[in-house]
Amino acid sequence: GAGVSQSPSNKVTEKGKDVELRCDPISGHTALYWYRQSLGQGLEFLIYFQGNSAPDKSGLPSDRFSAERTGGSVSTLTIQRTQQEDSAVYLCASSPLRVSSYEQYFGPGTRLTVT
Amino acid sequence: AQSVTQLGSHVSVSEGALVLLRCNYSSSVPPYLFWYVQYPNQGLQLLLKYTTGATLVKGINGFEAEFKKSETSFHLTKPSAHMSDAAEYFCAVRETGTASKLTFGTGTRLQVTL
Numbered sequence: 001g002a003g004v005s006q007s008p009s010n011k012v013t014e015k016g017k018d019v020e021l022r023c024d025p026i027s028g029h030t031a032l033y034w035y036r037q038s039l040g041q042g043l044e045f046l047i048y049f050q051g052n053s054a055p056d057k058s059g060l061p062s063d064r065f066s067a068e069r070t071g072g073s074v075s076t077l078t079i080q081r082t083q084q085e086d087s088a089v090y091l092c093a094s095s096p097l098r099v100s101s102y103e104q105y106f107g108p109g110t111r112l113t114v115t
Numbered sequence: 001a002q003s004v005t006q007l008g009s010h011v012s013v014s015e016g017a018l019v020l021l022r023c024n025y026s027s028s029v030p031p032y033l034f035w036y037v038q039y040p041n042q043g044l045q046l047l048l049k050y051t052t053g054a055t056l057v058k059g060i061n062g063f064e065a066e067f068k069k070s071e072t073s074f075h076l077t078k079p080s081a082h083m084s085d086a087a088e089y090f091c092a093v094r095e096t097g098t099a100s101k102l103t104f105g106t107g108t109r110l111q112v113t114l
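Order-wise, the sequence lines are chains A and B. For the first sequence, the working numbering begins at 1 and goes up steadily by one. For the second sequence, the working numbering begins at 1 and goes up steadily by one.
Please note: incorrect hints may appear among the correct ones.
Here are the computed lysine to aspartate or glutamate pairs in the EDC-like style, where the Cα-Cα straight-line distance is at most 20 angstroms [what the hints assert, rightly or not]:
1. B:LYS58 <-> B:GLU88
2. A:LYS17 <-> A:GLU85
3. B:LYS49 <-> B:GLU64
4. A:LYS11 <-> A:GLU85
5. B:LYS58 <-> A:GLU103
6. B:LYS49 <-> B:GLU66
7. A:LYS57 <-> B:GLU95
8. B:LYS68 <-> B:ASP85
9. B:LYS49 <-> A:GLU85
Everything labelled a hint here was simulated from the structure, so no lab data went into it.
Starting from the given sequences, assemble the full structure and let the hints guide the process.
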């Protein structure tokens with residue numbers, strides 16, 4: 001079946017602009033995660049959605065970052081007033097959360113470059 | 001809090017040689033452990049996982065890893081490296097029984113030479 005998809009694959013934006021990154025999880029996966037991968041920081045957790053529960057936002061680096069998940073499926077990560085340090089690859093993952101399967105399946109990522 | 005340490009940011013092996021990538025973790029509860037591989041300009045692909053049961057786990061592409069609780073380690077091995085194994089490898093830990101985040105190591109870039 002189809003894997004996790006993310007769009008756009010690449011995004012170049014000017015400092016101060018807002019950007020939206022989209023993630024389509026694997027159908028039926030109840031959990032969705034956002035991570036950021038950057039040269040200086042490695043792979044960092046940003047936010048996690050599980051079903052109808054309140055999201056775990058503990059990894060968001062500032063209040064310029066927000067995310068939502070509509071209808072338990074598609075998720076959008078929004079970065080307001082982008083800064084150069086926001087340049088990174090943003091990875092989305094989903095998980096079925098069956099007892100026998102706790103792994104996360106990752107999308108190809110969105111490479112964000114802030115100029 | 002959980003953490004993962006991967007010793008060696010770069011490892012170089014000859015084709016056909018043993019691959020050993022080291023991972024040590026710290027966790028206050030029994031962990032789930034994962035190895036992911038990332039090829040250039042691609043997302044992360046799961047190589048193998050340890051959740052419960054047998055401590056030696058086999059994954060894709062001939063890789064395997066052994067969970068050693070006494071050493072808090074989960075080293076990744078492959079008996080014979082292939083050129084196509086060149087990639088970045090990430091070890092990750094997650095608390096058992098929760099649907100929580102993965103905590104990743106800093107990654108090890110594997111180079112395979114002729």
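Quiz prompt | LYS58 of chain B paired with GLU88 of chain B [C-alpha distance capped at 20 angstroms] | solution = Between LYS58 of chain B and GLU88 of chain B the Cα gap is close to 19 angstroms, so the pair holds against 20 angstroms.
Quiz prompt | LYS49 of chain B paired with GLU66 of chain B [C-alpha distance capped at 20 angstroms] | solution = 10 angstroms, holds
Quiz item: Taking 20 angstroms as the top limit, are the C-alpha atoms of LYS49 of chain B and GLU85 of chain A close enough?
Solution: 33 angstroms, violated
Self-check item: Pair hint LYS68 of chain B and ASP85 of chain B, alpha-carbon separation not exceeding 20 angstroms
Solution: Violated, at about 24 angstroms.
Quiz prompt | 20 angstroms limit on alpha-carbon distance, applied to hinted pair LYS17 of chain A and GLU85 of chain A | solution = This hinted pair holds, its Cα atoms lying about 13 angstroms apart.
Quiz item: If you draw a straight line from the CA of LYS49 of chain B to the CA of GLU64 of chain B, is it 20 angstroms or shorter?
Solution: Holds - the C-alpha atoms of GLU64 of chain B and LYS49 of chain B are around 9 angstroms apart, at most 20 angstroms.
Exercise. Sort out whether GLU85 of chain A lies within 20 angstroms of LYS11 of chain A, counting only the CA atoms.
Key: 14 angstroms, holds
Quiz item: Straight-line Cα separation of LYS57 of chain A and GLU95 of chain B no greater than 20 angstroms?
Solution: 17 angstroms, holds
Quiz prompt | Given pair status - GLU103 of chain A, LYS58 of chain B, alpha carbons within 20 angstroms | solution = 15 angstroms, holds
Hints 8, 9 from the list above are not met by this structure, while the remaining hints are.
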